[in-house]
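Respectively, the protein sequence lines represent chains A and B.
Take any residue in the first sequence, count from 1 to its spot, add 100: that is its number in this note's numbering.
Take any residue in the second sequence, count from 1 to its spot, add 2: that is its number in this note's numbering.
Keep in mind that a hint or two might mislead.
Sample of chain A residues at the chain B side, in silico, Cβ under 8 Å [unchecked claim]: (1) Met-101; (2) Tyr-103; (3) Thr-104; (4) Val-106; (5) Glu-113; (6) Gly-114; (7) Met-115; (8) Pro-119; (9) Phe-140; (10) Ala-142; (11) Arg-146; (12) Gln-153; (13) Pro-162.
What follows is a set of in silico ranges between Cβ atoms, one per label pair, in the way DEER data are often shown [as the list claims (entries may be wrong)]: (14) A:Arg-167 - B:Arg-167: 19 to 27 Å; (15) A:Gly-138 - B:Thr-43: 25 to 33 Å; (16) A:Glu-116 - B:Arg-189: 30 to 38 Å; (17) B:Phe-188 - A:Ile-108: 14 to 22 Å; (18) B:Arg-189 - A:Leu-131: 19 to 27 Å; (19) B:Lys-59 - A:Glu-133: 17 to 25 Å; (20) A:Asp-139 - B:Val-53: 22 to 30 Å; (21) A:Ser-150 - B:Arg-167: 23 to 31 Å; (22) B:Arg-189 - A:Ala-120: 40 to 48 Å; (23) B:Phe-188 - A:Pro-107: 38 to 46 Å; (24) A:Ala-120 - B:Val-202: 34 to 42 Å; (25) B:Gly-210 - A:Arg-167: 22 to 30 Å.
Hint data in this document are derived by calculation from the structure and do not stem from the laboratory.
C-beta atoms are modelled at their ideal positions from N, C-alpha and C, and glycine is treated no differently.
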Amino acid sequence: MLYTVVPIDDVLEGMEEEPAPTMELIVGGVLMELEPQGDFQAKVVRIISSDPQDYLASQHQPGSIVRWT
Amino acid sequence: MSEKPGLPQEEVTLQTIKELGQAEVAQVSPEVETQPFHCLTIIGQIEGHMVLPPRNKTTKYEHVIPQLVAIEQNPKIKGLLVVLNTVGGDIEAGLAIAEMLKTMSTPTVSLVLGGGHSIGAPIAVAADYSVISATATMTIHPIRLSGLVIGVPQTYEYLDKMQDRVIRFIVEHSRVSTEVLRDMMFRTGELVRDVGTVLVGEEAVRVGLINEVGGVGTALSRLSQMVSQRSVEGVQ
Numbered sequence: 101m102l103y104t105v106v107p108i109d110d111v112l113e114g115m116e117e118e119p120a121p122t123m124e125l126i127v128g129g130v131l132m133e134l135e136p137q138g139d140f141q142a143k144v145v146r147i148i149s150s151d152p153q154d155y156l157a158s159q160h161q162p163g164s165i166v167r168w169t
Numbered sequence: 003m004s005e006k007p008g009l010p011q012e013e014v015t016l017q018t019i020k021e022l023g024q025a026e027v028a029q030v031s032p033e034v035e036t037q038p039f040h041c042l043t044i045i046g047q048i049e050g051h052m053v054l055p056p057r058n059k060t061t062k063y064e065h066v067i068p069q070l071v072a073i074e075q076n077p078k079i080k081g082l083l084v085v086l087n088t089v090g091g092d093i094e095a096g097l098a099i100a101e102m103l104k105t106m107s108t109p110t111v112s113l114v115l116g117g118g119h120s121i122g123a124p125i126a127v128a129a130d131y132s133v134i135s136a137t138a139t140m141t142i143h144p145i146r147l148s149g150l151v152i153g154v155p156q157t158y159e160y161l162d163k164m165q166d167r168v169i170r171f172i173v174e175h176s177r178v179s180t181e182v183l184r185d186m187m188f189r190t191g192e193l194v195r196d197v198g199t200v201l202v203g204e205e206a207v208r209v210g211l212i213n214e215v216g217g218v219g220t221a222l223s224r225l226s227q228m229v230s231q232r233s234v235e236g237v238q
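Chain B on its own, in the form it takes in the complex (with noise of 0.2 Å):
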């Protein structure tokens, strides 16, 4: 419940009773309006067209989509800080939150704390400026044959489209090339049991996927600087 200023909590709640005859009000809390920078965190498994058992910790999409046109549309909401810290999960919910990022004109700033995995990547990526923890890890792995694909013939060729719709985005949204990223992708004698590459903080900034190493500082800062520029470029 949101707290206007100057009043205290129960006379608030008994105005919006009087008022509108419920204690629940639907209303962007006057906090929300004032804060120039949004704090979006990607946690978990992002959870697609299918609703993931509750022991996953998931990330929904079909909350988040709202929540970046909300963005994009206040004009008080300066710029956007995404936070990662995900496994990974479904591919069109994932490949849809990195689309939605990269359009946005509100200046975004990605930062990927823990892990940024899998279709993390993508993610990370789509932000105007992406920033890595020291200890932060992005693992880098071809897309699996799961259980929810039948295994019929097209379902390598199914396979292989999907793990290129991802690589175009990563490549066209980071300094990576298409050769350095397959070449992690399908590396193997890095994973146990596996192929792929688990890039560790500087090593995601050295193969070109993140822009920089640090943490919420760098990306505020860097945040404030994207979005001061875009005034002065907005006043000439």
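Next up, chain A with everything else stripped away, as it sits in the complex (with noise of 0.2 Å):
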């Protein structure tokens, strides 16, 4: 249920867009949902981790892109 002063037509627009498919990778150790954008990288959709502190390394933060090799 939303509360705010945006007109709700405006927060729905694009609601039937499918969204893009993810994956689900661990990174550094920790296991994340990720986009893929392409040859070995991804970037963040959000963390899936009971580590608190990984929630605070810049490095992880949604919508920050991840590379591996």
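Using the supplied hints, reconstruct the complex from the two chains, each of which is provided in its own coordinate frame.
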């Protein structure tokens, strides 16, 4: 339930579009949900961890790009 | 990627590849550990149980809540500055963040910049001390029926109950009274085609919602003051 000053139609614009496919991968010892962005790199969608300190690590913030080789 | 003091970035990367076989290492960076204050920004829509379309800029509560736990848990983090520029969002997620902030033992100061509308108001008042910039606005308005709630007769009662949760939280954690808050929420003539009140900077302080008008300097010096007070109390 939303409590916002933005009209609901604006908030939900694009709701019908399919979200980008995601995958789960352990990067640097942390399980995360990633959106693949081409070869060996992906955008962090969310972190799946029970260690709260993982959520403070700057390289894992949602939206950041992680790379692996 | 965090940088170890005294080592160039490439060397750090090489070292981690050598030691752990990978370039990215999960660790709280050394700078994070030495910084006494952390800053949490609440921006755009507060996202709750539903993933909002990518056009919205969102604050994700499933990320913010463990961050608050980490801040509370880490003895090296002495204080938290919460910067708000939000248009509102999910009630339950907003209240969850507000309740977490309220119950933290780490000193917290909120700073409303730009806007702290709707569900942003309980988050702003949840901090131990709240500051609003002179030009920032806060919109106090009733919870409306959106397309997400099915129109059954119970709906009105349900909305009322949700509204009471928000009102109770704000009243309990600020100087504003229930009567004043309700009056602002249902005031007509202030908003175009809607009921509610827009409070700009000083007005939010005058009604008792926010503690002080100021900026980042005000907020940080208040935080330092609270931290030193706390360490003095700890010694005694």
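Hints numbered earlier in the text: which of these fail when held up against the supplied structure?
9, 10, 14, 18, 23, 25
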